[in-house]
Amino acid sequence: MELTNKRQKSQYLRLITFLLFILSIVFLQTSPHVLAETPEDKGLAIAIEADKRDLGYRSLTADMLMILRNKHGQESKREMRFRSLEIMDDGDKSLIIFDSPKDVKGTAFLNYTHKVGDDDQWLYLPALKRVKRISSRNKSGSFMGSEFAYEDIAGQEIEKYTYNWLRDEECEGMDCFVMERYPVDKKNSGYSRQVVWLDRAEYRTWKVEYFDRKDAHLKTLTFSGYEKYNDRFWRAAQLDMVNHQTGKSTELQFSNYVFNVGLSDADFNKNSLKRVK
Amino acid sequence: MQHFEVSIGPWVIKYRWWIIAACLIIAAASGSGMRFLTFENDLRVFFSEKNPQLQALEKLENTYNKIDNVYFILAPQDGKVFTRNTLYSENDDLIVEDLVSDALSLDAEEISRIRAIVLSEPRMVSNIVSPSGHVTEININILPPGKSRDEVQEVADYARKLADDFRQRHSEIDLYLNGTVMFDTAFTKATKDDLKTLIPLMFLTLVIIVGMALRSYTGTLITFIIILFSMVTGMGLAGWLNIVMTTASGVAPTIILTLAVADSVHILATVYQQMGMGVARQKAVSESLRINLQPVFLTSVTTAIGFLSMNFSDAPPFRDLGNIVAMGIMAALVYSILFLPAVLVTLPIKSTRKISNTSEICHSCNRVADFVITNRQPVFWALAVLIIIFISGITRLELNDDFVKYFSTKYDIRRSTDFMQKNLRGWNFIEYSLESGEPSGINNPEYLSKVEEFAEWFRGQPKVSYVSTYTNTIKALNKNMHNDDPAYYRIPESRDLAAQYLLLYEMSVPFGHDLNNQLNVNKSATRMTVFLKETTAKDHRALDAKARQWLRDNAPPHMFTYGSGLSIIWAHISKRNIESMLGASFGALVLISVILILALRSLRLGIISLIPNLAPAFMAFGIWGTLVGQVGLALSVNVSLTLGIVVDDTIHFLSKYQRARREKKLQPAEAVRYAFNTVGTAMWVTTLALVTGFSILSFSGFAINSQMGLLSAITIGLALVLDFFFLPTLLMTVDEQK
Numbered sequence: 001m002e003l004t005n006k007r008q009k010s011q012y013l014r015l016i017t018f019l020l021f022i023l024s025i026v027f028l029q030t031s032p033h034v035l036a037e038t039p040e041d042k043g044l045a046i047a048i049e050a051d052k053r054d055l056g057y058r059s060l061t062a063d064m065l066m067i068l069r070n071k072h073g074q075e076s077k078r079e080m081r082f083r084s085l086e087i088m089d090d091g092d093k094s095l096i097i098f099d100s101p102k103d104v105k106g107t108a109f110l111n112y113t114h115k116v117g118d119d120d121q122w123l124y125l126p127a128l129k130r131v132k133r134i135s136s137r138n139k140s141g142s143f144m145g146s147e148f149a150y151e152d153i154a155g156q157e158i159e160k161y162t163y164n165w166l167r168d169e170e171c172e173g174m175d176c177f178v179m180e181r182y183p184v185d186k187k188n189s190g191y192s193r194q195v196v197w198l199d200r201a202e203y204r205t206w207k208v209e210y211f212d213r214k215d216a217h218l219k220t221l222t223f224s225g226y227e228k229y230n231d232r233f234w235r236a237a238q239l240d241m242v243n244h245q246t247g248k249s250t251e252l253q254f255s256n257y258v259f260n261v262g263l264s265d266a267d268f269n270k271n272s273l274k275r276v277k
Numbered sequence: 001m002q003h004f005e006v007s008i009g010p011w012v013i014k015y016r017w018w019i020i021a022a023c024l025i026i027a028a029a030s031g032s033g034m035r036f037l038t039f040e041n042d043l044r045v046f047f048s049e050k051n052p053q054l055q056a057l058e059k060l061e062n063t064y065n066k067i068d069n070v071y072f073i074l075a076p077q078d079g080k081v082f083t084r085n086t087l088y089s090e091n092d093d094l095i096v097e098d099l100v101s102d103a104l105s106l107d108a109e110e111i112s113r114i115r116a117i118v119l120s121e122p123r124m125v126s127n128i129v130s131p132s133g134h135v136t137e138i139n140i141n142i143l144p145p146g147k148s149r150d151e152v153q154e155v156a157d158y159a160r161k162l163a164d165d166f167r168q169r170h171s172e173i174d175l176y177l178n179g180t181v182m183f184d185t186a187f188t189k190a191t192k193d194d195l196k197t198l199i200p201l202m203f204l205t206l207v208i209i210v211g212m213a214l215r216s217y218t219g220t221l222i223t224f225i226i227i228l229f230s231m232v233t234g235m236g237l238a239g240w241l242n243i244v245m246t247t248a249s250g251v252a253p254t255i256i257l258t259l260a261v262a263d264s265v266h267i268l269a270t271v272y273q274q275m276g277m278g279v280a281r282q283k284a285v286s287e288s289l290r291i292n293l294q295p296v297f298l299t300s301v302t303t304a305i306g307f308l309s310m311n312f313s314d315a316p317p318f319r320d321l322g323n324i325v326a327m328g329i330m331a332a333l334v335y336s337i338l339f340l341p342a343v344l345v346t347l348p349i350k351s352t353r354k355i356s357n358t359s360e361i362c363h364s365c366n367r368v369a370d371f372v373i374t375n376r377q378p379v380f381w382a383l384a385v386l387i388i389i390f391i392s393g394i395t396r397l398e399l400n401d402d403f404v405k406y407f408s409t410k411y412d413i414r415r416s417t418d419f420m421q422k423n424l425r426g427w428n429f430i431e432y433s434l435e436s437g438e439p440s441g442i443n444n445p446e447y448l449s450k451v452e453e454f455a456e457w458f459r460g461q462p463k464v465s466y467v468s469t470y471t472n473t474i475k476a477l478n479k480n481m482h483n484d485d486p487a488y489y490r491i492p493e494s495r496d497l498a499a500q501y502l503l504l505y506e507m508s509v510p511f512g513h514d515l516n517n518q519l520n521v522n523k524s525a526t527r528m529t530v531f532l533k534e535t536t537a538k539d540h541r542a543l544d545a546k547a548r549q550w551l552r553d554n555a556p557p558h559m560f561t562y563g564s565g566l567s568i569i570w571a572h573i574s575k576r577n578i579e580s581m582l583g584a585s586f587g588a589l590v591l592i593s594v595i596l597i598l599a600l601r602s603l604r605l606g607i608i609s610l611i612p613n614l615a616p617a618f619m620a621f622g623i624w625g626t627l628v629g630q631v632g633l634a635l636s637v638n639v640s641l642t643l644g645i646v647v648d649d650t651i652h653f654l655s656k657y658q659r660a661r662r663e664k665k666l667q668p669a670e671a672v673r674y675a676f677n678t679v680g681t682a683m684w685v686t687t688l689a690l691v692t693g694f695s696i697l698s699f700s701g702f703a704i705n706s707q708m709g710l711l712s713a714i715t716i717g718l719a720l721v722l723d724f725f726f727l728p729t730l731l732m733t734v735d736e737q738k
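Here the protein sequences line up with chains A and B, keeping their order. Okay, so the first sequence: first residue is 1 according to the working numbering, each after it adds one. Okay, so the second sequence: first residue is 1 according to the working numbering, each after it adds one.
To be clear, the hints were calculated from the coordinates, so they are not data collected in a lab. Keep in mind the model is a prediction, meaning the values are calculated, not measured. Any given hint might turn out to be false.
As the list claims (entries may be wrong) - Straight-line Cα separation of at most 16 Å, EDC-like style, residue types lysine to aspartate or glutamate; simulated pairs:
| # | chain 1 | residue 1 | chain 2 | residue 2 |
| --- | --- | --- | --- | --- |
| 1 | A | 132 | A | 120 |
| 2 | A | 77 | B | 42 |
| 3 | A | 71 | B | 61 |
| 4 | A | 102 | B | 496 |
| 5 | A | 77 | A | 99 |
| 6 | A | 105 | B | 484 |
| 7 | A | 207 | A | 180 |
| 8 | A | 186 | A | 215 |
| 9 | B | 422 | B | 42 |
| 10 | A | 71 | B | 58 |
| 11 | B | 450 | B | 493 |
| 12 | A | 102 | B | 438 |
| 13 | B | 575 | B | 553 |
| 14 | A | 187 | A | 170 |
| 15 | A | 132 | B | 484 |
| 16 | B | 450 | B | 539 |
| 17 | B | 665 | B | 553 |
| 18 | A | 71 | A | 212 |
| 19 | B | 533 | B | 418 |
| 20 | A | 186 | A | 168 |
| 21 | A | 132 | B | 172 |
| 22 | A | 129 | B | 735 |
| 23 | B | 479 | B | 514 |
| 24 | A | 52 | A | 90 |
| 25 | A | 129 | B | 456 |
| 26 | A | 115 | A | 159 |
| 27 | B | 66 | B | 534 |
| 28 | B | 546 | B | 484 |
| 29 | A | 42 | A | 209 |
| 30 | A | 186 | A | 118 |
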């Protein structure tokens, strides 16, 4: 019995040794593969994960306050309402309705983000009672005279960039990824690259540095006041964009976020623009 | 003072080695500061912070954007901008999409369509395309980070490289560079050119003049060393004091050279005179120091006071110029009374001329003295009349500063600007920030119509070549929104419509094409830019005054504003500087006269000296007014600059006259003869050197400097005439009446 036990033990040991041997081979073979995950892959993986965490919000509404400031602190305010609809197999649709200044009240901006190709954009002018299509190739243009360009405001679809993970470092007191992303549409983008800081825990964006086509540091965007909605979706209360070349800045405040408000495609088409209140 | 005058000679001789060593060390130590000298490249350097027109401009730039730019002006030799090849080099953007995006694939029909669009677009014709379509430009806005002074230069160098590449590939297209960046760097280039060409020319001229006057190699060599040391010390101290070289202060070394010569010439002339009379070398040096110490000291101090009074100028470069020259003059004084005699007794020198009698020193001086003494009455009255006639020419002076014309045609920037003015649009412009009085008020049709009315009024004024205004944009938008119906090329009828067009436009233009240059942040005001062609500063002042009157008469009070922009600042700068310098020049005159009165111990001589001291500058203005007419910034500093120099000859002459009257108890006529004999040569040699020196400045390719040089040369030349002919007759008339 003892003998058998001993034999069994040694057989177990041999088995374990063998398994360890196999495992180590597998490990040794796979580990080069793990180490070989390129910075490009890692960057893309981060972008995919960040996108995944925001899936399923369906639709949302929020209020926006935009404050434009020049180098000398003179400022100007605009109030808007924001509506967004999640589209499963393409980019999201969004609608921005202007409330002030008074003379542009009722003006509405409709945007269809596309994963591939140019976005579609329309503007409804109540004074003219007409919807005008905007050439969205001008994605580098200023959004309402602010320091935000369209491409900064429009949906950040994964397909619009290629990625490159740079390093991990601390940001805002958290562990963060730092990655670069390069616009796919090089001809029309105003940037050569962007450097993005996301925290590792929740994949929230905290900072974006924009480099112009000459690769000079043009702007920095910082996010603050993140809050969690519906136990899932993180949204920042404030976005600050500073243009380092002109000294101008734009503050964008979001409030009254409501998720899953039951908006549908019918609320996001050209005809609905005229009815929007 | 008298004891000091007597003892300085022997003291210098005793410690000559120490003095030589100390002077060499001082020159080297101060001169090493030259490595800190940097060049300013900003054409605004001529405006002080207190300049109200500059403040207005900066306010405008804070509200909108400061525009720094480079223009590439393209002039195809076949006279047609609208060809495939030329368009290829362009990037004209129209509202929503690029007018030309893939130029090489265009066919003839498309090109003529583009031509028609562009030439019917008021925002382009006479702005970026000439009406006949033969010249166009590419405007590149630059935003220098403002971290280093070299940025502008870098941009300019790169633009030049681009231009050269382009010229090589497209020899059929003439290319001109222009814009504020090119102007800024042209200022630096003008400064460097002046330093490079004028200084060697000045050295050469002075060496020839001094050599001919002294007829001694050693004397000339020593003078050369003294003026070199003085220049190096002045410039080196400027470096230590972190003074930045500008176009105006860049002529400081040239002026120092000219002024430093006089001290050495006076001392050397006496030494040679004494040795010629058989006096031993050391004794001759001592004697020369005894005789010359007071006048050399006085003339240096008065000249320095004149230059220091330039500190009251409103244009900072002139303050720098005054300070650098004053330092150079004081250095020249120290080197002339210490280093010069110390070297003289060390080096082997001998006089080439044997002179036994004082009266034979200067034959021509004697002849002039004889002439003046015998014809004192007619000479006096003739000159008195001449002075009045010359001065009366001042009424013909017209203040005109055109910073484009500051550059002579040897500069690319001047040729390019002339070409641009002739073929495209004017370079000069006046800017207005038109306030609506409420946020978003620029969308108010009433406001827009008023702005349009103002722009229309400007378009009807002579010499206005183009008016850039936001109303052009909003009118074009109105038209575009109505299927390009020309009937809609007008101000939108409602405020909401205007606001929404603007919003649409702002949302449609790509990066860098926004309206931030034309609208302020809360959209309460717009900027209007009026381009002018072939105008003078007088036109700018007149047009702006007329425009203000129009606003007063026709526009609501909140819209009233003064015109701004570089052209306007330059239009006022001469007057502003003359006002700031009037008091300073008067102060310098009083101070110098007091010094003169104390030194000569005669109130009467001090008052008499006022006429030959002051009259030359005003006579020069009169001559300028009659012969040239237009004058700029240079005029404002002329009195300060020349007063201290002109006084020198008067001091030399009066001190000798005084000495003859007091020590030798001579009659006025004989005292005049004595003065002529003792200082006549030195006076005319130094005047010759000064006149030549300042005439060399007139070779500067930069008008402020060339005008300053010419005006000073005329003034100093006239001063000698007055000192030789008017002062003695005046002295005799006054003194003999007693």
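Hints, verified against the model:
1. 132(A) x 120(A): 11 Å, holds
2. 77(A) x 42(B): 36 Å, violated
3. 71(A) x 61(B): 11 Å, holds
4. 102(A) x 496(B): 8 Å, holds
5. 77(A) x 99(A): Holds - the C-alpha atoms of residue 99(A) and residue 77(A) are around 11 Å apart, at most 16 Å.
6. 105(A) x 484(B): 26 Å, violated
7. 207(A) x 180(A): OK: residue 207(A) and residue 180(A) at ~12 Å, within 16 Å.
8. 186(A) x 215(A): Holds. Residue 186(A) to residue 215(A) sits at ~13 Å (cutoff 16 Å).
9. 422(B) x 42(B): 26 Å, violated
10. 71(A) x 58(B): 13 Å, holds
11. 450(B) x 493(B): Satisfied, since the Cα-Cα distance of roughly 13 Å is no more than 16 Å.
12. 102(A) x 438(B): Holds, at about 12 Å.
13. 575(B) x 553(B): 27 Å, violated
14. 187(A) x 170(A): 34 Å, violated
15. 132(A) x 484(B): It holds: about 15 Å lies between the C-alpha atoms, which stays within 16 Å.
16. 450(B) x 539(B): Roughly 24 Å separates the two Cα atoms, so the pair is violated.
17. 665(B) x 553(B): Roughly 74 Å between the alpha carbons, so the hint for residue 665(B) and residue 553(B) is violated.
18. 71(A) x 212(A): 20 Å, violated
19. 533(B) x 418(B): With a Cα-Cα distance of about 10 Å, the restraint between residue 533(B) and residue 418(B) holds, given a limit of 16 Å.
20. 186(A) x 168(A): 27 Å, violated
21. 132(A) x 172(B): 43 Å, violated
22. 129(A) x 735(B): 97 Å, violated
23. 479(B) x 514(B): 19 Å, violated
24. 52(A) x 90(A): Distance ~14 Å between residue 52(A) and residue 90(A) Cα, so the pair holds.
25. 129(A) x 456(B): 31 Å, violated
26. 115(A) x 159(A): 6 Å, holds
27. 66(B) x 534(B): 24 Å, violated
28. 546(B) x 484(B): 36 Å, violated
29. 42(A) x 209(A): Violated: residue 42(A) and residue 209(A) sit about 19 Å apart, past 16 Å.
30. 186(A) x 118(A): Roughly 12 Å separates the two Cα atoms, so the pair holds.
Of the numbered hints given earlier, the model fails hints 2, 6, 9, 13, 14, 16, 17, 18, 20, 21, 22, 23, 25, 27, 28, 29; all others are met.
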